[in-house]
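Visitor: Letter by letter, the chains look like this.
2 protein chains.
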Amino acid sequence: MALVVQKFGGTSVGDIKRIENVAKKAIREYENGNRVIVVVSAMAGETNRLIKLAHEITDLPDEREMDVLISTGEQVTIALLSITLKKLGYKSKSYLGFQVPILTDSAFTKARILDVKADKILKDLEDGNIVVVAGFQGVDENGNVTTLGRGGSDTTAVAIAAALKADVCDIYTDVDGVYTTDPRIYSKARKLKKISYDEMLELASLGSKVLQIRSVELAKKYKVPVHVRTSFSDETGTIVCEEDKDMEKVVVSGISYNKDEARITLVNVPDKPGVAAKLFGEISNGNIVVDMIIQNSSKDGSTDLTFTVPRTDLKKALLLVNNVAKELGVEKVLHDENIAKVSIVGLGMRSHSGVAAKMFSVLGQAGINILMISTSEIKVSCAIDEKYTELAVRVLHDAFELDKESIKEE
Amino acid sequence: MALVVQKFGGTSVGDIKRIENVAKKAIREYENGNRVIVVVSAMAGETNRLIKLAHEITDLPDEREMDVLISTGEQVTIALLSITLKKLGYKSKSYLGFQVPILTDSAFTKARILDVKADKILKDLEDGNIVVVAGFQGVDENGNVTTLGRGGSDTTAVAIAAALKADVCDIYTDVDGVYTTDPRIYSKARKLKKISYDEMLELASLGSKVLQIRSVELAKKYKVPVHVRTSFSDETGTIVCEEDKDMEKVVVSGISYNKDEARITLVNVPDKPGVAAKLFGEISNGNIVVDMIIQNSSKDGSTDLTFTVPRTDLKKALLLVNNVAKELGVEKVLHDENIAKVSIVGLGMRSHSGVAAKMFSVLGQAGINILMISTSEIKVSCAIDEKYTELAVRVLHDAFELDKESIKEE
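Those protein sequences? They're chains A and B, same order as listed. Each step along the first sequence adds one to the number in the numbering used here, with nothing skipped, and position 284 is 284. Each step along the second sequence adds one to the number in the numbering used here, with nothing skipped, and position 137 is 137.
Bound-form chain A, shown alone (with noise of 0.2 Å):
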């Protein structure tokens, strides 16, 4: 008798019928003889709903409060789905945040869990209940409601996978799965039947549109191995797990690309201690996340400083960085929003050398100049012109062949 965890998100629920259905796949894996709890969003809008009400009061609600307002949307479905599991036949309870309890910290609107106590539903288990429990939701140690930040109900799904040592934890979205890059943009993309959490973080332009981040990490630290399927039909998807030794067999698992930053580039700036932290130091307390930094060797006692930005924070990251660049005697500061971020993603590039190279190579025979390098342990990412993303994406795609799904030694 295995133990599921399933989460469907607000799509999936987004009015009666589709709760009903819902209601029928947690059946199925009860009638298969499994135990099962299932997480769920709010219905599709609601959310917005209630964020608009507020924001017709204020533009900075408290946070406080906005966490009692929006929790509102993962009780009404909880409540429907379990009526509908009674209606149905079945014995059923819902929980909310506070009656797990998920412990969370206090960061309103963007708490972390800190504790799932599974007793209660283990109990609920044991006497023969389909478990519903509300996603996106917590309390902290007051009795503060408090909620998970946007895609929190995967990090509550896996939460509980990882609390109640589930067998896997489905995540049933409008994706069937994880491909080797966006199927939009290449027509070979092909679906993975399986990813390492690394990979899938790494892979977070893709990833991030099927799973929130944290919950990969979550996935991660406690081993549950999650499925990413389709709640529109019984397909298989893609199983996020352990790194085996198949998947260390494989260069390249993924491409990924990213056009939502901008460049930024301080020209001629004084090569001295302390510069860089100076800079950095007044960029992050705008708080604005920097993703690649470059920084050429000096001539002459200067030297040139290359940053990315989130293209939304460009504005405030120029306000900041040109205050910094008088006070440290920068020539001039250069901004250029038409870059796009293309990453190659793989284990088996710990093994495997030259895999950089073959990238740069594959870039430059189709004409693409690569602007920016930046790599880890299992990826290697450059920026170029936006203009050439799609075609950037195709030509790493064919060269690592992704679209095929033997195993290949370089």
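It should be emphasised that the hints constitute simulated quantities derived from the structure, not laboratory data. A portion of the hints provided could be inaccurate.
No farther apart than 25 Å at their CA atoms in a straight line, the calculated lysine-lysine pairs in the DSS-like style are these [as the list claims (entries may be wrong)]:
| # | chain 1 | residue 1 | chain 2 | residue 2 |
| --- | --- | --- | --- | --- |
| 1 | A | Lys110 | A | Lys25 |
| 2 | A | Lys87 | B | Lys110 |
| 3 | A | Lys24 | A | Lys110 |
| 4 | B | Lys91 | A | Lys52 |
| 5 | A | Lys110 | A | Lys221 |
| 6 | B | Lys52 | A | Lys52 |
Keep in mind it's a predicted model, so treat the numbers as computed, not measured.
Fit chain B to the supplied structure of chain A, relying on the hints for placement.
Guide: Same frame as chain A, but now just chain B:
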């Protein structure tokens, strides 16, 4: 420094603009140097919207889950009100039933309050907060969400006022107080400045439009002064409080009527022990509440038995009664839907004789036949033909001079 509990119903918090008005009423009390707790209902229409969603699934939704569902209505309101208070520059904190906690029994959808722990709220008041509490909801000893039944927010407000020994519980509603009779029936109806808990309870048909009966029982038990007033102006309403000497001088305080009952008569019931017990036992098992009961004195070993039931339960009652009647050898069963009950209520009746006689005489002079009579310590009720209801209210209102405020010794 007084402690004031204010309660606002669904109409008063029906949209963001009205919620801001509620915030301003709370702020004014606060600025007057008082400590303020605001209890709110769900926004008008919200509870019905949620119930409708559940009824799309089934006519008989699980009651535990219904409470999870419909309690979200008040949750939304407290968040929006606290957000508004904070935007206006005041400290505020919202409380859900489980956060106070308001402990109830586990009778889902109609739970009764067992205890209110006030420590956390008291601390927040000391810290200068305007405290906002969700009406209608509580939590049972197992942490399940419960609700108190329609109008339950009144009861929440009074329970909080009792627990914190508040100086007054202001119930803001869409009428401006309690009247000597229904002003829609008689224009001479006069708003009462004060009324005792017992009179308020007996004036059910007037009072229940204004205050949930349970909240009056609770207010009486804990001697909480309740101020019924309109949320649309600053006018003083009616204080419901303990009786005082002035009240006792008033023979009749108000006249109520009820058109929701029907009469059933059993003709020639064998007059032997256990007959009434058998009959009313069956009716009670059918969950039907019997109001007036009259049994004539026995003639020739048989008697007539007449009683009233809610008109909506008449069909069901007749089914039960006809079965029992056959068993008991009753001659025939009659029924009449066109009756009304008119009642005069007043503390002074306890020490004044002749009040009932005067009522009968006034009705007789107006040509109104009395079908049934029942009396309590402070109430006399007559069942009459429904078509005479308005006439009866008016002639009684005149005869007992309810339009005049002066205290009159009979």
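Visitor: Hints the structure violates: just list their numbers, smallest first.
Guide: 1 and 3
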